[in-house]
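Colleague: One-letter residues, chain by chain:
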Amino acid sequence: GAVVSQHPSRVICKSGTSVKIECRSLDFQATTMFWYRQFPKQSLMLMATSNEGSKATYEQGVEKDKFLINHASLTLSTLTVTSAHPEDSSFYICSARYSPKLTDTQYFGPGTRLTVL
Amino acid sequence: TQLLEQSPQFLSIQEGENLTVYCNSSSVFSSLQWYRQEPGEGPVLLVTVVTGGEVKKLKRLTFQFGDARKDSSLHITAAQPGDTGLYLCAGDSSNTGKLIFGQGTTLQVKP
Chain Y
454 GAVVSQHPSR
464 VICKSGTSVK
474 IECRSLDFQA
484 TTMFWYRQFP
494 KQSLMLMATS
504 NEGSKATYEQ
514 GVEKDKFLIN
524 HASLTLSTLT
534 VTSAHPEDSS
544 FYICSARYSP
554 KLTDTQYFGP
564 GTRLTVL
Chain H
500 TQLLEQSPQF
510 LSIQEGENLT
520 VYCNSSSVFS
530 SLQWYRQEPG
540 EGPVLLVTVV
550 TGGEVKKLKR
560 LTFQFGDARK
570 DSSLHITAAQ
580 PGDTGLYLCA
590 GDSSNTGKLI
600 FGQGTTLQVK
610 P
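Protein sequence lines correspond, in order, to chains Y and H. Offset between the first sequence (1-based) and our numbering: plus 453. Offset between the second sequence (1-based) and our numbering: plus 499.
Bound-form chain Y, shown alone:
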């Protein structure tokens, strides 16, 4: 299957700082990427849809000024958690939509564990 990478895999930061997470599709171009958040022992919750060349669309309840998304190219989307607080500590996972011809599949990155002290 297609490969999606995330960097960093793990980050610990102090409260009030900003953290940037990168999501890359390594062997295909993705016009659409998605960002999810997963709390311990819970399922994935969609945060936002990242579209190459246009503004991201956010799900209800997700602060767009706090979670900045930039889809700079067809293989890279970044999520910046601004002024992070302990309640932002979570597992952040991106996915990239792969849509060659008639198929449509989403491939997920390995996730980024964010801990805010």
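Just to be clear, a hint being listed does not mean it is correct.
As the list claims (entries may be wrong) - Distance windows between CB atoms, simulated:
hint : chain 1 : residue 1 : chain 2 : residue 2 : range
1    : Y       : Thr-510   : H       : Pro-610   : 45 to 51 angstroms
2    : Y       : Ser-536   : H       : Pro-610   : 43 to 49 angstroms
3    : H       : Gln-607   : Y       : Thr-568   : 24 to 30 angstroms
Said to hold, decoys possible - Restricting the straight-line Cα-Cα distance to at most 30 angstroms, the calculated cross-link-like pairs of lysine-lysine (DSSO-like) are:
hint : chain 1 : residue 1 : chain 2 : residue 2
4    : H       : Lys-597   : Y       : Lys-508
5    : Y       : Lys-494   : Y       : Lys-519
6    : Y       : Lys-494   : H       : Lys-597
Keep in mind the hints are simulated off the structure, nothing from the lab. This one's a predicted model, so the numbers in the text were calculated from it and none came from an experiment. C-beta atoms are modelled at their ideal positions from N, C-alpha and C, and glycine is treated no differently.
Dock chain H against the given chain Y, drawing on the hints supplied.
Modeller: Coordinates of chain H only, in the frame set by chain Y:
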């Protein structure tokens, strides 16, 4: 709000037993995907079903999409300890790629 109800949420069985996981919704999905997730890792796609009534097999795993495309099931035959993990169903109702995830099923298979 679209919901995808997944059950059971926890399942602990002995090696060799069979099991079925269900995902149900009142919404129609253009596609439904099943993933398996290991702790600290991202979900790995197992299968995508798109046609009502579709049945797909992956070795000992059988996936079924309901005729009305509102529900799906995952059946594992002769479970093995290596099947232990979190299984997630996810549906796309608008063909936009936006997935609604079920709550997940934590499966433990004891040797």
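Colleague: A separate judgement is required for each hint: does it hold in the structure or not?
Modeller: Structure-based check of each hint:
Between Thr-510(Y) and Pro-610(H) the CB atoms are about 46 angstroms apart, so this pair conforms to the stated range of 45 to 51 angstroms. Range check, Ser-536(Y) to Pro-610(H): Cβ separation about 48 angstroms, and the 43 to 49 angstroms hint holds. At roughly 27 angstroms, the beta-carbon separation of Gln-607(H) and Thr-568(Y) lies within the given 24 to 30 angstroms, and the hint holds. Pair hint Lys-597(H) plus Lys-508(Y) holds up; C-alpha atoms about 16 angstroms apart against a cutoff of 30 angstroms.
For the given pair, Lys-494(Y) sits about 24 angstroms from Lys-519(Y) by alpha-carbon distance, which is consistent with the 30 angstroms threshold. Between the alpha carbons of Lys-494(Y) and Lys-597(H) the distance comes to roughly 22 angstroms, so the proposed pair stays at or under 30 angstroms and holds.
The structure fails none of the hints (numbered hints given earlier).
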